[in-house]
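Note that the protein sequences, when read in sequence, are chains G and V.
Under my numbering, think of the first position of the first sequence as 1, with each following residue one higher.
Under my numbering, think of the first position of the second sequence as 1, with each following residue one higher.
Some hints could be false.
What the hints assert, rightly or not - Which bits of chain V does chain G cover? Going by a derived footprint, with three or more residues having C-beta under 8 Å, they are:
id, segment
1, 20-27
2, 78-86
3, 104-113
As the list claims (entries may be wrong) - Chain G residues, not near chain V, derived (Cβ > 10 Å throughout):
id, residue
4, Thr109
5, Ala136
6, Lys194
Source of the hints: derived by calculation from the structure; they are not laboratory data.
Using N, Cα and C, we set each Cβ at its ideal position, and we do this for glycine too.
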Amino acid sequence: MALRQWMVTHDWMVKPTAQSEWIERRGILVWIAEVFTSLGAGLFLVSLFFNNWWGMLAGWLIIMFLKIPLHLIYFGKPLRFWRTVIPFTSAWKTSWFTRGINFNIYFGTFAFIQLVIGYVAINIYPNTAWDSWYLAFGIISGVFAFLVGIYSGFIMSYCKSVPFWNTAMLPIIILLTGVADGFALMLAVGMFDKSVDIAAVEAGSRILLTAIIFMISIYVWNGTYQSKTAKYSAMLLIKGSLSWWFWLGVVALGMVIPLALASLSLFTETATQLLIIAIVLHTIGAVALKYVLLKAGVHTPLLPTLSYSHRL
Amino acid sequence: MVVDLSKCVRCYGCVAACRVEHFLPLGITWPRLIAWEEKADEVTTFPVRCNHCKDAPCVKVCVTGATQQREDGIVWIDQDKCVGCRYCIIACPYQNRMYVSKDRDTGYFPGYDLTEFEKAGRRKYPHIIGITEKCNFCMERIDEGLSHGHKPGIDRDATPACVNTCPARALHFGDLGDPNSEVRQLIRDRKGFQLHLEHDTDPSIYYIDKGWRGQ
Numbered sequence: 001m002a003l004r005q006w007m008v009t010h011d012w013m014v015k016p017t018a019q020s021e022w023i024e025r026r027g028i029l030v031w032i033a034e035v036f037t038s039l040g041a042g043l044f045l046v047s048l049f050f051n052n053w054w055g056m057l058a059g060w061l062i063i064m065f066l067k068i069p070l071h072l073i074y075f076g077k078p079l080r081f082w083r084t085v086i087p088f089t090s091a092w093k094t095s096w097f098t099r100g101i102n103f104n105i106y107f108g109t110f111a112f113i114q115l116v117i118g119y120v121a122i123n124i125y126p127n128t129a130w131d132s133w134y135l136a137f138g139i140i141s142g143v144f145a146f147l148v149g150i151y152s153g154f155i156m157s158y159c160k161s162v163p164f165w166n167t168a169m170l171p172i173i174i175l176l177t178g179v180a181d182g183f184a185l186m187l188a189v190g191m192f193d194k195s196v197d198i199a200a201v202e203a204g205s206r207i208l209l210t211a212i213i214f215m216i217s218i219y220v221w222n223g224t225y226q227s228k229t230a231k232y233s234a235m236l237l238i239k240g241s242l243s244w245w246f247w248l249g250v251v252a253l254g255m256v257i258p259l260a261l262a263s264l265s266l267f268t269e270t271a272t273q274l275l276i277i278a279i280v281l282h283t284i285g286a287v288a289l290k291y292v293l294l295k296a297g298v299h300t301p302l303l304p305t306l307s308y309s310h311r312l
Numbered sequence: 001m002v003v004d005l006s007k008c009v010r011c012y013g014c015v016a017a018c019r020v021e022h023f024l025p026l027g028i029t030w031p032r033l034i035a036w037e038e039k040a041d042e043v044t045t046f047p048v049r050c051n052h053c054k055d056a057p058c059v060k061v062c063v064t065g066a067t068q069q070r071e072d073g074i075v076w077i078d079q080d081k082c083v084g085c086r087y088c089i090i091a092c093p094y095q096n097r098m099y100v101s102k103d104r105d106t107g108y109f110p111g112y113d114l115t116e117f118e119k120a121g122r123r124k125y126p127h128i129i130g131i132t133e134k135c136n137f138c139m140e141r142i143d144e145g146l147s148h149g150h151k152p153g154i155d156r157d158a159t160p161a162c163v164n165t166c167p168a169r170a171l172h173f174g175d176l177g178d179p180n181s182e183v184r185q186l187i188r189d190r191k192g193f194q195l196h197l198e199h200d201t202d203p204s205i206y207y208i209d210k211g212w213r214g215q
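Chain V with its partners taken away, still in its complex shape (with noise of 0.2 Å):
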């Protein structure tokens, strides 16, 4: 994924597109996003989400090896092999896991039963309360579109939700193996960075900007 910080107008469409597309319990957020003012009236902004790095620190620690990673790097948690050990957590140099404890998961209307919406997300997305949740790129979502011949970044219905809603195309996903994708160019052309290159993990999500290099 390569992130445009010079097109994010901080409409926080992503965060929500991502709660609607995987019901996220009240208090568990997977992507997230920050803004931060460089000079006065400069505000940039950063969407960020697990980093699907390739060499993944919370796979390698996992102690169940609940967390794998696919052929296609994407980073993913077996929820019925987590124990909720929370290792994956600290051993995350981008901190974007979250644990599911029950008042994270209080139901949106907190005191009330839940609603038949939030049943039948739970139906479809069981958050389980007690093991270790973050971003799967829309995994699921990608997989029903291969299987229907779409391609990832291409079309939407193979493409992660966060992407598809940003109405600024701050957002861009693709093949990162292919030298000719979209991504693999914005990277090149317009000098994708990474960030903390010092954990050796290689994210897989670039940053792309004006001027801020994240040094």
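In isolation and in its complexed conformation, chain G is listed as follows (with noise of 0.2 Å):
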């Protein structure tokens, strides 16, 4: 069987094609939209944990102005974005993407009153009535700061022509990723706030990072015998083009070498140093993920015949 290469104008047709829309030329604009989305969404939970206001306004920052504009210059028509939001369309009963948006919104809506409430509650009058109302839009916007770490997951999982992401664990994969990555900005946070506990953040990453050294163990696993180019897309991360992004990116700096670092606080204070260290190896991580994900998300080809061997 072989393709007569004077007739072949379309590799997509006959080869497991990788979406480029996302990743490549403009999409690269996705690709950090998506690792803000985490960083942003994360710090703000991990902050609300921790009722840190500081943590939680960095998290506001970050989805506001670095995320959201982000996603907006990548659309080809940025000032249709108007079009996007309730109640200018009924898209958001079908569309992930369209819910996304408006989560962005109503977070960015609520997290704003609340840093207003909780500033003063904090500094003008503490003690009073502000901090019940603090608490209320804490509760909001934390519910928006989940949803809003969680909607890119489902973005994805919901293209079937992607088989890699068509899996329910992607969403939480990358919520968790999120929350983890807050973890770490927690702890930069803490190197200028001492009111935050280090040793309680440090825990927390240790659980989570376990845990998701354990989901994305099972998510490559399960791509392998999805499908055919569910295992393609497994594939190029286990031993193709994108293994060295995978095995160095994510995994040793983003999620083993973060975890030992953490461990090392059951046995001995965590110098400054090696927070640093943490921190900057777990936003490596964090981009690395989103690159992998987004790169690995392949088609499966139009006609379901030829080999799968190329280009791994």
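With the hints as a guide, bring the two chains together.
In structure tokens:
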């Protein structure tokens, strides 16, 4: 079985072809925006858990001024952005993308109100009814931060056209890695804000990193028998063109070394230098994970026949 | 639509007809062809285009509702609503959508102004940079024909340009919901098949062939 090269005009019809829209050329913006999604939503959730106002502010700023603008710049027609907002569209009934955009808007609004109330409650009128409002808006903001952190996983997992993404595990992995990134950034906040309990943050980091290592292993392993195309994607990560990104960036720098550093605190007080290393490595891991996930999004060939061995 | 793979002669007439009908920019192609060889000197040609799936993922994922499905099943894009997020391109299992970027819309003579022909085409079919496009089964043509009492698939004025142009009659168009239509009979008699049934999209394009079953 062979192709007559002079007739072949479109690889995607006969070969597993990686999606390029969200990772190549302007698609790089989506990749970076997704990294900021993890960092921002994760930091906000962790800060909410530790009731750290500065952490929440940082998370909110990352989402509002780094993630959302990058997504908007990526759009071919960014000025039509309003068409994605409820009530100007009813696409939220079926589209996770529309839902996600609206989650961002609600998160931005409620978290802003919460931060303002929080500032007043902490600095101007402590131990008053402002505290109750701070708590109430904190719950609402937390729900929307959770949704902001998970929706991109649903966007990807909805695509049957990309079998490697088409699994219920992906949203959970995206959310958990985001929260783990949040724990790492919380260490950074703790370097300036002495009220942060570094030992507790490291304990949370240890638990999450262990869970993520387990989940990513299952996810990749699952890909190897899910379908031919998903296996092709998984093999790209394990021994193909993305293996350096995966093994070095995601596994070693992003998970194993930060886990080892977080485990060190069980035996000795963590030095500031080690904290900085853990934060940097964790962020590199977040960048690498989003890259390999987007890059390994491979479409099934239109004509389901030819070999999957090329370009691995 | 039914595509008779055994009749296609790889003339690219459908591709050219579509380009003329919709004044497609140089880098944009709605229907496409691939030829492949299963045995020596036995080449199968696949004309492919948007499958106008009954359960179309592109309609569901569209962030603004720009991609819509009409009652007759045609999936089309409202160019005024598309924001160019390209989710539909990724969600389409048939990879039959294209993003109109500047480098795909250079004009027929790159580096020069648009010709009067191109300008006239842009007025009729404005291919807006920054949005997604795909085959629309010549729905403007069908609507115009229907308004004059013509029948799609039978009268040329209500039939897509690619079907009209095909010199080998490899493309057939009609109402899949009508059990007596030509397309329905072809599917029934010659065991028509769709591509990628595993995605549960129920494509409206069927292929018929002597032996190839697409599996």
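Now for the hints, and whether the structure bears them out:
1. 20-27: Coverage by chain G is violated for the segment 20-27 of chain V (0 residues, Cβ < 8 Å).
2. 78-86: Check passed, 6 qualifying residues.
3. 104-113: With 0 residues closer than 8 Å to chain G, the segment 104-113 of chain V misses the three-residue bar; violated.
4. Thr109: 20 Å, holds
5. Ala136: 31 Å, holds
6. Lys194: 43 Å, holds
Of the hints listed earlier, those the structure fails to meet are numbers 1, 3, in rising order.
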